[in-house]
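Please work from the sequences and hints to get the whole structure.
Number of protein chains: 8
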Amino acid sequence: MYLIVVGAGDIGTPLIDLATAGGNEVAVIERDEERADRAARQYDCLVINDDATSKETLRDAGAERADALISTTDRDAANIMVCLLAQELSIPNIVSVVHNPEHMSVFEQIGVNTMQNPQSLIAEYLYRAVSRPSVVDFMHIGEEAEVFEITVGANAEIAGKTIQEADAEGLLGDDTLIVAIERSGEERPITPRGNTRIAADDLLTIYSGDGVTPEITDVFGHTEDDG
Amino acid sequence: MYLIVVGAGDIGTPLIDLATAGGNEVAVIERDEERADRAARQYDCLVINDDATSKETLRDAGAERADALISTTDRDAANIMVCLLAQELSIPNIVSVVHNPEHMSVFEQIGVNTMQNPQSLIAEYLYRAVSRPSVVDFMHIGEEAEVFEITVGANAEIAGKTIQEADAEGLLGDDTLIVAIERSGEERPITPRGNTRIAADDLLTIYSGDGVTPEITDVFGHTEDDG
Amino acid sequence: MYLIVVGAGDIGTPLIDLATAGGNEVAVIERDEERADRAARQYDCLVINDDATSKETLRDAGAERADALISTTDRDAANIMVCLLAQELSIPNIVSVVHNPEHMSVFEQIGVNTMQNPQSLIAEYLYRAVSRPSVVDFMHIGEEAEVFEITVGANAEIAGKTIQEADAEGLLGDDTLIVAIERSGEERPITPRGNTRIAADDLLTIYSGDGVTPEITDVFGHTEDDG
Amino acid sequence: MYLIVVGAGDIGTPLIDLATAGGNEVAVIERDEERADRAARQYDCLVINDDATSKETLRDAGAERADALISTTDRDAANIMVCLLAQELSIPNIVSVVHNPEHMSVFEQIGVNTMQNPQSLIAEYLYRAVSRPSVVDFMHIGEEAEVFEITVGANAEIAGKTIQEADAEGLLGDDTLIVAIERSGEERPITPRGNTRIAADDLLTIYSGDGVTPEITDVFGHTEDDG
Amino acid sequence: MYLIVVGAGDIGTPLIDLATAGGNEVAVIERDEERADRAARQYDCLVINDDATSKETLRDAGAERADALISTTDRDAANIMVCLLAQELSIPNIVSVVHNPEHMSVFEQIGVNTMQNPQSLIAEYLYRAVSRPSVVDFMHIGEEAEVFEITVGANAEIAGKTIQEADAEGLLGDDTLIVAIERSGEERPITPRGNTRIAADDLLTIYSGDGVTPEITDVFGHTEDDG
Amino acid sequence: MYLIVVGAGDIGTPLIDLATAGGNEVAVIERDEERADRAARQYDCLVINDDATSKETLRDAGAERADALISTTDRDAANIMVCLLAQELSIPNIVSVVHNPEHMSVFEQIGVNTMQNPQSLIAEYLYRAVSRPSVVDFMHIGEEAEVFEITVGANAEIAGKTIQEADAEGLLGDDTLIVAIERSGEERPITPRGNTRIAADDLLTIYSGDGVTPEITDVFGHTEDDG
Amino acid sequence: MYLIVVGAGDIGTPLIDLATAGGNEVAVIERDEERADRAARQYDCLVINDDATSKETLRDAGAERADALISTTDRDAANIMVCLLAQELSIPNIVSVVHNPEHMSVFEQIGVNTMQNPQSLIAEYLYRAVSRPSVVDFMHIGEEAEVFEITVGANAEIAGKTIQEADAEGLLGDDTLIVAIERSGEERPITPRGNTRIAADDLLTIYSGDGVTPEITDVFGHTEDDG
Amino acid sequence: MYLIVVGAGDIGTPLIDLATAGGNEVAVIERDEERADRAARQYDCLVINDDATSKETLRDAGAERADALISTTDRDAANIMVCLLAQELSIPNIVSVVHNPEHMSVFEQIGVNTMQNPQSLIAEYLYRAVSRPSVVDFMHIGEEAEVFEITVGANAEIAGKTIQEADAEGLLGDDTLIVAIERSGEERPITPRGNTRIAADDLLTIYSGDGVTPEITDVFGHTEDDG
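Protein chains in written order, with the numbering used here: chain A, 8 to 234; chain B, 8 to 234; chain C, 8 to 234; chain D, 8 to 234; chain E, 8 to 234; chain F, 8 to 234; chain G, 8 to 234; chain H, 8 to 234.
Note that these hints are calculated values from the structure, not bench results. All values derive from a computational prediction rather than experimental measurement. Fair warning: there could be bad hints in the mix.
Said to hold, decoys possible - With a Cα cut of at most 30 Å, we get these calculated DSSO-like pairs of lysine-lysine:
#1 LYS62/C <-> LYS62/A
#2 LYS62/G <-> LYS62/F
#3 LYS62/H <-> LYS62/B
#4 LYS62/E <-> LYS62/D
Unchecked claim - Label-pair distances were calculated between CB atoms; the ranges are:
#5 GLY30/C <-> ARG66/E: 27 to 35 Å
#6 PRO221/G <-> TYR9/B: 51 to 59 Å
#7 ARG48/A <-> ASP81/H: 23 to 31 Å
#8 GLU172/E <-> ARG200/F: 18 to 26 Å
Yeah, the Cβ is synthetic: ideal placement off N, Cα and C, and Gly gets one too.
This is the structure:
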């Protein structure tokens with residue numbers, strides 16, 4: 008894939024890292040000279056030290072043969088101008104970060120894929136880290152359901168029981184499913200069966216139709232407020 | 008929960024939004040006057056317009072009774088100073104964003120929970136958006152496994168089949184599990200059973216021990232490179 | 008008409024002047040405090056001192072009942088963001104200045120009327136002022152033709168002749184038409200007839216299918232290079 | 008013609024473009040290094056990266072053999088100083104943009120030709136674009152009269168009629184003249200005769216002694232307020 | 008006299024001091040707020056904190072009844088704009104400082120009196136202070152002649168002699184005249200007569216047709232190079 | 008003479024001009040790179056682009072063999088530091104401009120010659136230019152007396168009279184002396200004798216024990232207020 | 008004592024703290040508004056928010072009755088100007104910090120006491136902290152001698168011996184003296200006598216005519232390079 | 008010793024001076040280009056012009072073989088980040104300046120040696136210079152005791168007496184000890200014996216268990232308040 012990354016800042020840099028590591032051909036456009044130099048030094052990519060809101064710059068970056076462009080500057084207005092120019096140059100796949108949530112619909116209106124509000128995502132992770140510290144990672148499924156990772160506490164009710172036993176005791180609700188079990192010493196996650204026994208310190212991937220509720224974290228030995 | 012949020016910028020603002028909406032008591036410390044004013048206007052929280060790298064400011068923000076502090080400024084050095092002062096003031100739960108990945112271990116070294124590299128997370132989402140556009144959302148489970156959401160394409164091989172049929176045909180590998188099915192018209196995700204029939208346009212939550220591979224996206228009707 | 012003017016700078020100020028003088032209801036959005044204050048002092052209009060790339064600001068300016076919005080800031084990216092937000096808010100008529108000619112098509116692509124490259128227009132006027140100093144004002148008709156104003160020189164061949172005589176002598180080409188005659192002492196321009204006599208110092212409005220050529224300026228007594 | 012352009016900004020750049028394209032010898036004086044470099048790269052002209060309010064700089068730009076100087080900086084005071092120095096150096100033709108309308112008379116007082124208030128011109132175009140959207144371009148003739156371009160609407164009363172017929176029906180007032188007709192498919196504007204038939208979608212160049220009035224736009228099928 | 012002083016900086020401030028002390032009515036225009044405030048606090052004058060390159064500001068300062076305007080800002084271009092506007096407003100007497108000697112003729116060209124190059128004046132004083140340290144003050148008369156003040160050294164040839172004696176001995180050339188004698192203990196300068204005796208430490212005012220030459224300073228007991 | 012000039016700004020530049028023209032060896036210290044370059048280009052002198060408040064810089068400029076140093080920067084504190092360092096390095100003759108009159112005594116206290124308040128001098132010249140426009144140049148002698156240049160007006164009482172006649176009529180007071188007469192056509196000023204006749208348009212150098220009073224300017228045909 | 012402190016920065020703040028705690032009457036002059044406000048809030052002192060290089064400011068701070076002035080700004084030139092003005096105002100005791108060591112003599116030349124190069128002092132402490140980590144504090148006596156504090160190591164040769172014994176064994180050179188012994192559990196330092204026994208962990212104050220040498224630190228159980 | 012110095016400012020510069028003079032191998036990290044250049048010019052050390060809050064920079068400076076790192080930047084947060092990174096890189100000896108006293112404990116908490124509040128130290132010296140001007144230098148021993156240097160005044164009670172005599176008269180308290188005597192003409196300090204005679208102008212090093220009290224300074228002929 009030929010990929011143009013606009014901006015080599017906080018977000019652009021790990022993106023260039025991922026994209027070059029993935030074996031893609033990468034062109035970077037960065038206005039700031041110092042950042043451009045650093046990107047050129049660290050990664051195997053073409054770096055153009057110029058303003059991306061110009062067709063000439065985009066063409067220099069290989070717009071006519073690019074498969075995708077990702078705009079990561081920290082100003083929404085600049086990102087939208089870049090995306091519109093990229094559309095004119097017929098880049099097939101265009102994605103942008105959006106900083107002001109209010110601007111999301113504007114990007115959608117012109118047909119640009121957007122990163123679903125990165126700051127809110129980070130904010131939610133931070134908030135979870137203090138309000139649900141037992142939850143290691145999580146993903147929303149629809150409005151309420153979630154898949155999440157949680158550690159089994161030493162005194163958790165479920166610890167030492169098989170999944171069948173846990174089900175039998177009604178520990179897990181109808182709409183709750185243990186998807187995978189990461190266990191110290193195992194190379195890959197264990198696919199849970201009825202007779203798989205849950206142990207303390209297991210890191211479980213759970214699907215819950217009601218999301219992460221105090222009832223559920225409780226089962227795994229974590230007492231948390233409904234904050 | 009009594010929560011101190013340091014910084015009312017791009018990340019801090021949606022965090023204050025979440026935290027106040029969650030019914031918590033929130034104190035915000037923001038050095039920039041304009042940002043401080045805006046936070047005070049928009050949210051039901053205490054806002055202190057001062058430098059957070061001072062015990063006095065932290066005490067004014069109620070450090071002695073705070074349950075948690077989240078530091079979200081855009082300078083790692085400032086965040087670490089805030090976290091160290093918060094430790095001195097015995098705030099039980101301290102979390103910080105970290106911008107330079109190299110600094111992650113420094114925060115761990117002093118015992119502060121960190122947001123696992125927010126820019127990398129965003130970068131990965133952006134990268135997925137162009138390299139695996141069929142994948143709507145995803146979460147890593149251990150090194151390789153992933154839970155992800157994917158839409159069933161109109162011409163997907165699996166469309167129109169029950170899960171049993173799909174299993175029988177070996178469409179899904181041993182280490183792949185359909186966790187949930189979001190379907191237009193249904194209020195909540197459907198918990199899949201053997202006789203549940205997959206339809207085009209269903210949004211499936213999949214667990215795959217090998218992560219999102221071209222083989223899997225292929226089953227759901229999406230032809231993507233291994234880029 | 009209810010009109011929102013974005014920007015109270017060099018272009019915005021005379022626009023507010025015109026619009027208020029024309030009896031319209033005018034709301035102005037200007038980020039710079041000093042400019043906002045000056046506009047509020049000088050004109051009978053509502054002035055909002057805020058960033059226009061926000062729906063809230065546009066709503067405060069009365070977007071939901073505005074007949075038109077004109078964006079005049081000096082940054083194309085800001086103008087395009089304002090126009091897209093204005094479209095979302097269903098403002099019926101949206102116009103913007105565009106500074107970089109390359110960006111014209113981008114504005115058109117999203118369906119915004121644009122001022123046809125104001126700097127080029129000014130540049131052309133300036134250039135004419137030195138290359139065709141006899142031409143007072145001009146307007147392009149299609150690719151080549153022009154309507155223009157020119158003064159009749161004291162020694163012009165045409166001076167003292169009627170239009171019929173001039174035609175008879177072939178002074179004016181087939182594709183040239185005297186549209187109007189402004190003459191000192193007359194309140195309104197004279198509509199030329201066959202027997203109307205051209206006098207030195209008359210200010211003629213001419214249509215020429217070939218534009219302003221040295222041949223034509225020559226007829227009116229002005230010797231100019233073909234520069 | 009040997010032409011000195013002072014300033015390579017928004018107005019100066021298209022001016023340099025016009026002047027070099029017109030085969031003139033062009034010298035540019037621009038204080039800002041980046042702008043000076045860009046001008047030198049893009050155009051075939053001499054570029055001097057220095058302050059123009061100095062005779063030495065003007066001499067370096069070839070003042071003693073220049074036919075004209077056009078000052079386009081965005082500060083009136085700088086423009087006036089440049090013009091006065093240019094007068095001292097006996098440059099025959101001196102033109103300047105003026106930003107503050109109040110300063111027009113000052114330039115006139117010292118005998119410098121000025122661009123007739125560029126911002127007002129742009130402002131009027133923008134204003135027309137919302138108040139008379141059917142009018143494509145226009146030019147003032149004296150106080151009230153105007154030449155303007157207007158499209159013939161599909162339902163216009165005049166559509167399908169010859170000019171004679173239109174005249175006979177009194178559709179166009181006494182003081183109104185169809186100057187030229189641009190028609191899709193025709194290379195040059197058509198010179199209208201009595202039997203020329205007006206068609207929908209024709210772009211007419213009209214002379215009107217009363218300017219663009221609602222009565223006239225009405226004839227061409229556009230209903231507009233008298234705003 | 009009603010006097011407008013533009014600029015309350017290093018030169019403007021002592022000027023305001025002189026002008027108010029002289030019983031004049033003084034209006035000051037100063038753009039910088041801090042300087043404007045200080046002037047208003049220290050002097051009995053009207054202070055307008057605004058940009059002087061605007062007729063409105065000048066009118067606010069009482070231009071229509073002013074007897075004179077003195078422009079003292081440190082930018083020549085601003086001074087010239089102010090002077091031209093002052094001419095338009097018919098202020099009878101207009102004076103300006105000029106910083107770049109090259110700009111002197113420009114001010115003269117538009118008919119503004121100028122301070123004869125203040126920096127050069129200061130520079131000459133400084134230069135004299137090291138090259139002719141015995142000369143206390145001086146004034147040029149035409150090209151070569153000078154009036155100057157010089158102290159009579161203890162060992163000066165002229166000390167102890169009457170003017171007649173000095174003349175008789177030919178100590179002073181034909182074209183040299185002792186204009187006045189300041190002597191410690193005398194309230195006013197002594198008008199020299201033939202029998203007036205010159206004493207060591209007298210401060211003489213001398214007219215010399217050849218200016219300050221080493222021959223002359225020698226007579227008064229100062230040995231100086233011709234540097 | 009070997010002369011060090013500190014500062015190549017508004018005052019320093021004409022000083023360098025004078026000093027190099029006078030055949031001196033000149034070293035210039037200027038911190039600003041652009042100014043340093045310009046001085047090096049324009050004058051035959053050594054230019055050091057460094058901070059002068061350092062002995063090393065002063066030594067580089069040749070302090071150990073300098074006859075004099077003149078400090079002309081626009082900050083008094085910097086000038087005083089330079090002068091003190093120059094004293095340490097035993098430069099025999101040290102002179103400085105002083106901007107704040109209050110600081111004059113401080114310079115005197117450390118034994119540095121100072122330019123007697125340059126801004127006040129300029130201010131007085133400017134003030135005279137409007138209050139006594141007939142006075143071309145002037146110099147104070149003690150507290151009240153002045154030597155000044157004045158033009159003889161066409162209708163001056165004194166015009167056409169010999170000095171003897173003027174004295175006889177008591178036109179000039181006891182304490183007033185005509186020092187020299189500059190006359191169009193004469194190469195040098197005329198030394199006035201009793202029978203020398205004063206003509207209109209003569210430029211007289213006058214000594215007046217009472218300074219420039221309205222009585223005196225009146226004699227020379229200028230009616231001025233006592234402002 | 009009435010004390011004026013100039014500057015409320017890093018050095019000025021603890022100085023104000025000390026001076027107010029010592030019961031003195033303190034006036035502070037600080038140009039920066041924020042710093043001035045903070046000083047006024049935290050300490051019981053008069054704070055003047057103005058430029059100290061002005062006699063008026065110094066008088067407002069009570070210069071005429073001050074016993075001492077300490078200048079602590081971070082610019083040497085400003086400090087010297089303040090000190091000179093303070094001398095003029097006859098403040099009896101004037102002290103200043105000096106940043107550039109080269110400027111020390113300049114301050115001495117004008118008779119101002121100076122803090123003996125604070126940065127060098129800090130630098131030496133820092134350097135000792137890594138080159139002689141066993142030395143807790145130290146003070147130079149003349150060129151070579153030092154008084155210093157050192158901890159007695161667990162395996163130090165001297166540990167467990169009386170001073171007489173140590174002397175007898177020649178552990179301490181002739182020119183070395185144990186001045187005082189701080190011992191855990193003792194409220195005040197012990198004055199050493201011949202029979203006083205040195206214990207491990209004692210903190211000794213030592214006078215050494217040769218300064219801190221490796222031989223000496225060795226006796227106290229610390230092996231350090233001669234770095 | 009291999010030493011890394013972070014920061015080449017006011018404190019870093021004399022530190023580099025000391026460390027290179029002491030024969031150590033020194034690497035300097037300084038972000039500011041001008042400062043970095045100056046350090047490289049003046050000292051025999053490796054200079055890295057980069058941000059020190061990066062492991063890569065620290066490694067470039069030789070962190071893996073460094074014996075010590077001293078952080079001297081003027082921002083505590085930067086210093087703490089540098090120290091934490093230095094700990095990660097296992098630099099054995101880490102020292103930092105701390106500007107805000109409140110931050111001292113934070114540095115201690117992470118196990119970094121700190122310069123004991125340099126600003127307070129300087130402040131105390133300055134304060135002593137005005138409150139105890141007779142005390143030349145001093146060092147605290149525990150809470151109250153001090154070693155200090157004091158000059159013997161001409162009229163001091165102790166002048167001319169032997170130490171025995173002084174003891175006999177009870178001039179010095181029990182807890183006071185004369186440690187050393189610096190005397191003009193002697194190369195090294197004199198070690199005092201019972202028969203050593205104290206002379207006026209001797210500079211004594213005194214140990215006093217009660218610190219510097221008025222009683223003690225009195226004995227040496229200095230009358231000072233208890234300020």
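Here is how each hint holds up against the structure:
no.: 1; hint: LYS62/C <-> LYS62/A; in the structure: holds (29 Å)
no.: 2; hint: LYS62/G <-> LYS62/F; in the structure: holds (28 Å)
no.: 3; hint: LYS62/H <-> LYS62/B; in the structure: holds (29 Å)
no.: 4; hint: LYS62/E <-> LYS62/D; in the structure: holds (29 Å)
no.: 5; hint: GLY30/C <-> ARG66/E: 27 to 35 Å; in the structure: holds (29 Å)
no.: 6; hint: PRO221/G <-> TYR9/B: 51 to 59 Å; in the structure: holds (56 Å)
no.: 7; hint: ARG48/A <-> ASP81/H: 23 to 31 Å; in the structure: holds (29 Å)
no.: 8; hint: GLU172/E <-> ARG200/F: 18 to 26 Å; in the structure: holds (22 Å)
The structure shown violates none of the earlier numbered hints.
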